[in-house]
Amino acid sequence: MPTVFIPAQLRSLTNGASQVELQAETVRQIIEQLEQRFPGIAQRLCDGDQLAPTLQIAVDSSMGSRSMRTVVKDAREVHFLPVVGGG
Amino acid sequence: MSTSTNGKYRVLGTRPRRHDGTDKVTGKAVYSNDVQLPGLLAGFVLRSPHAHARIISIDTSEAEATAGVHAVVTGKDFPNVANKIADLGEGSINLSNLSDNVMAKTKVLYKGHPVAAVAAVDVHVAEEAAGKIKVEYEKLDSVTWVLDAMKDDAPLLHEDVFTDHMGEKDETPSNTPTHLHFEKGNIEEGFAQADVVIEREFRTATVHQGYIEPHSSTADWNENGRLHVWTSTQGAFTARQQTAEILQIPISKVVVTPCEIGGGFGGKIAVYGEPVAAILSKLSGRPVKIQMTRAEVFESTGPTPGSFMRVKMGATSDGTLVAGEAWLAYDAGAYPGGMIGPGCMCVFSCYDIEHAVVDGYDVCLNKPHTKAYRAPGATQVAFAAEQVVDEIAEQLGICKLKIRQLNAASEGTRRVDGPVYPPVGFVECLAAAEASDHWNTPLEGENVGRGIAAGFWFGCGLKSAVSLMVNHDGTVNLTEGSPDIGGTRTSIAMQLAEVLGIEAADVVPRVADTDSVGYTDVTGGSRVTFATGLAAYEAGIDLQTQMKKRAAGLWECAEDDISIDQGTFSAGEKKAGFKELAQELFKEGEPLVARASVAPDCATNSFGLHLVDLKVDPETGKATILRYTAIQDAGKAIHPSYVEGQMQGGAVQGIGWALNEEYFYGDDDTMDNASFLDYRIPTMLDVPMIDTIIVEVANPDHPYGVRGVGETPIVPPPGAIANAMAVAAGTRIYELPMSPPKVWKAMTDNS
Numbered sequence: 001m002p003t004v005f006i007p008a009q010l011r012s013l014t015n016g017a018s019q020v021e022l023q024a025e026t027v028r029q030i031i032e033q034l035e036q037r038f039p040g041i042a043q044r045l046c047d048g049d050q051l052a053p054t055l056q057i058a059v060d061s062s063m064g065s066r067s068m069r070t071v072v073k074d075a076r077e078v079h080f081l082p083v084v085g086g087g
Numbered sequence: 001m002s003t004s005t006n007g008k009y010r011v012l013g014t015r016p017r018r019h020d021g022t023d024k025v026t027g028k029a030v031y032s033n034d035v036q037l038p039g040l041l042a043g044f045v046l047r048s049p050h051a052h053a054r055i056i057s058i059d060t061s062e063a064e065a066t067a068g069v070h071a072v073v074t075g076k077d078f079p080n081v082a083n084k085i086a087d088l089g090e091g092s093i094n095l096s097n098l099s100d101n102v103m104a105k106t107k108v109l110y111k112g113h114p115v116a117a118v119a120a121v122d123v124h125v126a127e128e129a130a131g132k133i134k135v136e137y138e139k140l141d142s143v144t145w146v147l148d149a150m151k152d153d154a155p156l157l158h159e160d161v162f163t164d165h166m167g168e169k170d171e172t173p174s175n176t177p178t179h180l181h182f183e184k185g186n187i188e189e190g191f192a193q194a195d196v197v198i199e200r201e202f203r204t205a206t207v208h209q210g211y212i213e214p215h216s217s218t219a220d221w222n223e224n225g226r227l228h229v230w231t232s233t234q235g236a237f238t239a240r241q242q243t244a245e246i247l248q249i250p251i252s253k254v255v256v257t258p259c260e261i262g263g264g265f266g267g268k269i270a271v272y273g274e275p276v277a278a279i280l281s282k283l284s285g286r287p288v289k290i291q292m293t294r295a296e297v298f299e300s301t302g303p304t305p306g307s308f309m310r311v312k313m314g315a316t317s318d319g320t321l322v323a324g325e326a327w328l329a330y331d332a333g334a335y336p337g338g339m340i341g342p343g344c345m346c347v348f349s350c351y352d353i354e355h356a357v358v359d360g361y362d363v364c365l366n367k368p369h370t371k372a373y374r375a376p377g378a379t380q381v382a383f384a385a386e387q388v389v390d391e392i393a394e395q396l397g398i399c400k401l402k403i404r405q406l407n408a409a410s411e412g413t414r415r416v417d418g419p420v421y422p423p424v425g426f427v428e429c430l431a432a433a434e435a436s437d438h439w440n441t442p443l444e445g446e447n448v449g450r451g452i453a454a455g456f457w458f459g460c461g462l463k464s465a466v467s468l469m470v471n472h473d474g475t476v477n478l479t480e481g482s483p484d485i486g487g488t489r490t491s492i493a494m495q496l497a498e499v500l501g502i503e504a505a506d507v508v509p510r511v512a513d514t515d516s517v518g519y520t521d522v523t524g525g526s527r528v529t530f531a532t533g534l535a536a537y538e539a540g541i542d543l544q545t546q547m548k549k550r551a552a553g554l555w556e557c558a559e560d561d562i563s564i565d566q567g568t569f570s571a572g573e574k575k576a577g578f579k580e581l582a583q584e585l586f587k588e589g590e591p592l593v594a595r596a597s598v599a600p601d602c603a604t605n606s607f608g609l610h611l612v613d614l615k616v617d618p619e620t621g622k623a624t625i626l627r628y629t630a631i632q633d634a635g636k637a638i639h640p641s642y643v644e645g646q647m648q649g650g651a652v653q654g655i656g657w658a659l660n661e662e663y664f665y666g667d668d669d670t671m672d673n674a675s676f677l678d679y680r681i682p683t684m685l686d687v688p689m690i691d692t693i694i695v696e697v698a699n700p701d702h703p704y705g706v707r708g709v710g711e712t713p714i715v716p717p718p719g720a721i722a723n724a725m726a727v728a729a730g731t732r733i734y735e736l737p738m739s740p741p742k743v744w745k746a747m748t749d750n751s
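So the protein lines, in turn, are chains A and B. Note that our numbering numbers the first sequence so that position 19 is 19, with each residue one more than the last. Note that our numbering numbers the second sequence so that position 268 is 268, with each residue one more than the last.
Please keep in mind that the hints were generated in silico from the structure rather than gathered at the bench. There's no promise every hint is true.
[Said to hold, decoys possible] One side of the interface only, derived from the structure: several residues of chain B facing chain A at Cβ under 10 Å: (1) Ile85; (2) Thr178; (3) Met339; (4) Ile340; (5) Glu411.
Every residue, glycine too, gets a C-beta built ideally from N, C-alpha and C.
All chains, full assembly: derive it from the sequences and hints.
Right, here's the structure in full:
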């Protein structure tokens, strides 16, 4: 059951909650469950049925995935972060 | 020098001769400007003389009528590209903006913005014809400093840009496309705990990547509709995607050949001349080459952001950092999408700070669209944060190395953006610094100072593919898609050689075009030795698995009876090395081939620490670097010479950024110093030998422990030099570059 960290800019939608625990196997399920609990949050995280192009997912210490099918069932933490390009 | 926690390897950690070395030192390597094709035309791009203007009309008739001219293009010849965001692997990009940057349609947003292009029999005819193109402009007010561009009454670059606060947009347009905000802990509580608080403001100038090879692109649009592009790029596949999207043709209609590349550092990921040459080729029916001059490189290709930063940090009396607050504004140049994200994520990334808040703003203004430059966004914030850490140490009377050791990020430290670090090697880098000859050698004399600063960069994985073909003699041809900028042919070949139990020289690496190898993301993000090396490792395992199965038939034993140890296959009395077995299997049956593709979702997390001694001349303000040591965790240094080369190269570029480099803008907001005579990058005469200490704390996400190393070394230098300057000059300088006039003035004011 991963702890999902709510980005600071979205905490107005979660009554200030900075993290929630969810029973989810994929990022898509996380976003669906977040939307059920905090209406409006999905459109801040997504572009259509994909993750917003400016965002990436961090699962525990691993960063870089942008897939809604990213598996999180064994993760401790999930974060939504800005995309980082390198030089 | 290195300090290692890794095991011993047969090939890894040695220094074989690089596979492409001979061709490069003898001039035989083919760079993009070496490409010659039958009927090749020369392209010339007409660029805006204004920083900001509306295009009223363009009359190309006289240019088209010029003898020797074969084609002329303007923005009208480019297809309309939807306001769509394309995922380029290493970040996303708005295609409409990308197309506009390649060729302006209605407005020019910086001096050097392309407005038309000509293809002719030679570049002189093309330039002469371009001079006959009549462009009527309506000049607009312009702005080139982030804080000015953020003002309500600033000239507006884009009427359709509204500040985005993570998915929520403001209602009025602005020059600030993005506002980011990060929080960790409780910042008020953190500062309440602090016994000392330091808050400072910092400014950094726009600087260019300064790659020695200017951009050059050749396009040949065949009658069958297939477009072939030869170009100098960090990523052939991303160049293919961008070109296809701008031209609105299928990716399968484009093949990109990445030529040898004379530096990129993040500046050769976006396309510039490629689509322009393509349309000129389509119109003329001939191949067309567009070669930039140095002035065009400076004025029209991505520099890295100038910035304004306010950083505040608090510590308890024992030196524990308890609070950090940062307000960052980075210039994005002409279009949205700069380096503010990683800037925010890196400002406190070296330290374990319980309470932190970071606000970051991406700001459009009338400069070329900014691009990555080695650890994009991290160098600016390190210049700021590392000075604040030093000042806290000064106020508390704590050793500047000790305060960093006391607060160093380590496994389990949570960054302000959220994630915790896996095993990382910053503590080990600090220990290496403490034990170094440099740190333990007293610095004596007048107007001298020693400074240290830390740096961090994520390093990424992304997608890589390789294929292997085994030759009759047991050597292996390795085909990869990563353009080789820093010796990666060899660092990848070495990883394959390690798996197979052969020598690096037994592997023949080749960087292939986009038709000839699986999709591979850019050579950037410090990812190639890590990710493409991982693909080579996996392909080697694939090859061994196949060989084991066939060896069972050859040796008439069960597959499970065969073991592989350091590349040697054995089953009872039977034993054969890789090359020997490969030769036998070739005689017996089908050729051996293998392949692998990978997409590791992970950061490789490389930390570094730099030490610098400098002397400043109080009469002129000129600083001379006396001694410099770069320390960095490489995870595992596959080829130590190339790791050292990356560390030395990054340090030297950082020295240039710290002491000399900046875009000068005149009253009309156009660049005044677009040449290497006036934009001063360091030469070998300006720097001492850069000493290196490679630390090896294995990355758990790679079979050999590799971390990316290419970007971290540019992060610490400006901060380290600023800290040394504070001692040498007796006063702190909070603005880059710390050029002689600024240093002289600061010293004079201080005295």
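Comparing the hints with the structure gives:
1. Ile85: 4 Å, holds
2. Thr178: Since chain A brings a Cβ to about 8 Å from Thr178 of chain B, closer than 10 Å, the hint holds.
3. Met339: Since chain A brings a Cβ to about 8 Å from Met339 of chain B, closer than 10 Å, the hint holds.
4. Ile340: 8 Å, holds
5. Glu411: 9 Å, holds
When held up to the earlier numbered hints, the structure conflicts with none and fits them all.
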